[in-house]
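> What follows is each chain in one-letter form.
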Amino acid sequence: AQSVTQPDIHITVSEGASLELRCNYSYGATPYLFWYVQSPGQGLQLLLKYFSGDTLVQGIKGFEAEFKRSQSSFNLRKPSVHWSDAAEYFCAVGAFNTGNQFYFGTGTSLTVIP
Amino acid sequence: DVKVTQSSRYLVKRTGEKVFLECVQDMDHENMFWYRQDPGLGLRLIYFSYDVKMKEKGDIPEGYSVSREKKERFSLILESASTNQTSMYLCATGDTEAFFGQGTRLTVV
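Protein sequences, first through last, are from chains C and Y. Just so you know, we're using our numbering here: the first sequence kicks off at 1 and counts up by one. Just so you know, we're using our numbering here: the second sequence kicks off at 1 and counts up by one.
With the rest of the complex left out, here is chain Y:
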């Protein structure tokens, strides 16, 4: 079975903090994705990566950055967290099908 592991299920951070969300996959997939999920808005793509050190902006990249130094790991970075970044963050991996982690529910206070 494909395993996609997100480092935290729940996080509470303060406004202005730098936040790291980590995602690790064990299937040697080229593609990895970060989505944000909000009620009524579905899943919105923040960034994706199709290779090590390669990244592409998704639909809502503002306020976020990413890092992919190793194939199996894709990190989402909130440079200065704001309350409007309170959300569920979902990591996915896959080349012809998306496999999801369990999600990180981030609250920014």
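Chain C extracted, bound-state conformation:
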């Protein structure tokens, strides 16, 4: 069965520090992988996606993620966090051979301290 695990419920980082949010997935075929961000009271916005090709994916707002098939991981990174990055982050896997479903992790809440 498809599943997505985000092991960190909450992370706190200082402004300017680097960030890595972890995501592990379980999927029987080549996955389509996504990271979304949700600001308070808002819907989800796509940060980046991986379908195939280069395993290091660049996204918006200075984020990047690396697909590692051997570890079933798709971790999100940012070299220098800004206060405006405080939000909830969701990893997702797309299962397009089962009626086009998206499976989401439980999210990681990011707090940025000045």
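Where hints are given, some of them may not hold.
In silico BS3-like links for lysine-lysine, alpha-carbon gap of 27 Å or less [as the list claims (entries may be wrong)]:
no.: 1; chain 1: Y; residue 1: Lys70; chain 2: Y; residue 2: Lys57
no.: 2; chain 1: Y; residue 1: Lys3; chain 2: C; residue 2: Lys61
no.: 3; chain 1: Y; residue 1: Lys3; chain 2: Y; residue 2: Lys70
no.: 4; chain 1: Y; residue 1: Lys3; chain 2: Y; residue 2: Lys53
no.: 5; chain 1: Y; residue 1: Lys13; chain 2: Y; residue 2: Lys55
no.: 6; chain 1: C; residue 1: Lys49; chain 2: Y; residue 2: Lys71
no.: 7; chain 1: Y; residue 1: Lys18; chain 2: C; residue 2: Lys49
no.: 8; chain 1: Y; residue 1: Lys71; chain 2: Y; residue 2: Lys18
no.: 9; chain 1: C; residue 1: Lys49; chain 2: Y; residue 2: Lys13
no.: 10; chain 1: Y; residue 1: Lys53; chain 2: Y; residue 2: Lys18
no.: 11; chain 1: Y; residue 1: Lys18; chain 2: Y; residue 2: Lys57
no.: 12; chain 1: Y; residue 1: Lys71; chain 2: Y; residue 2: Lys57
Treat the hints as calculated values from the structure; they're not laboratory data. Note that the structure is predicted; figures quoted are calculated from it, not measured.
Since the structure of chain C is provided, determine the placement of chain Y on it from the hints.
For chain Y alone, coordinates are given in the frame of chain C:
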């Protein structure tokens, strides 16, 4: 830009009421989804639809139904609202990527 519009940002309903949540997309996508978001539980799929008049149950369909009479519109129906359905409801659309509406925060009192 893809636009996914949910009819209400905030709703307060009484226990036992029938509640309609509407979602409209402007991108001619085949697939539409209704999720429920609760703290610590992430997004859980209630129902999805891959074509007009077609629907499939997600992980938590109990207490909900859906309607898709037109391609652009996907409605979530709470037949008899209960307090445990107080939540944030997110509509999404998309075929290879999910585009989300702003969400409806429903409170059932």
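> Assess, step by step, whether the Cα of lysine 70 of chain Y is no farther than 27 Å from the Cα of lysine 57 of chain Y, and give holds or violated.
With a Cα-Cα distance of about 19 Å, the restraint between lysine 70 of chain Y and lysine 57 of chain Y holds, given a limit of 27 Å.
> Run the distance test for lysine 3 of chain Y versus lysine 61 of chain C: straight-line Cα separation, threshold 27 Å.
Holds, because 21 Å separates the two Cα atoms, which is no more than 27 Å.
> Run the distance test for lysine 71 of chain Y versus lysine 18 of chain Y: straight-line Cα separation, threshold 27 Å.
holds, 23 Å
> Below or equal to 27 Å on CA atoms is what counts here, so check lysine 71 of chain Y against lysine 57 of chain Y.
holds, 18 Å
> Is it true that the CA of lysine 18 of chain Y sits at most 27 Å from the CA of lysine 57 of chain Y?
holds, 20 Å
> Compare the distance between the alpha carbons of lysine 53 of chain Y and lysine 18 of chain Y with 27 Å, and conclude whether the hinted pair is satisfied.
Since the Cα atoms of lysine 53 of chain Y and lysine 18 of chain Y sit roughly 21 Å apart, the hinted pair holds (cutoff 27 Å).
> Hey, lysine 49 of chain C versus lysine 13 of chain Y, does the alpha-carbon distance stay inside 27 Å?
violated, 37 Å
> With the threshold set at 27 Å, check whether the alpha-carbon distance from lysine 13 of chain Y to lysine 55 of chain Y stays at or below it.
holds, 25 Å
> When you check the alpha-carbon spacing of lysine 49 of chain C and lysine 71 of chain Y, does it fall within 27 Å?
holds, 26 Å
> Mind checking the alpha carbons of lysine 3 of chain Y and lysine 70 of chain Y for me, to see if they're no more than 27 Å apart?
The hint holds at about 16 Å.
> Just to be careful, I want the Cα atoms of lysine 18 of chain Y and lysine 49 of chain C compared with a cutoff of 27 Å; is the pair within it?
violated, 38 Å
> Check the hint pairing lysine 3 of chain Y with lysine 53 of chain Y against an upper bound of 27 Å on the C-alpha distance.
Holds, because 22 Å separates the two Cα atoms, which is no more than 27 Å.
Of the hints listed earlier, those the structure fails to meet are numbers 7 and 9, in rising order.
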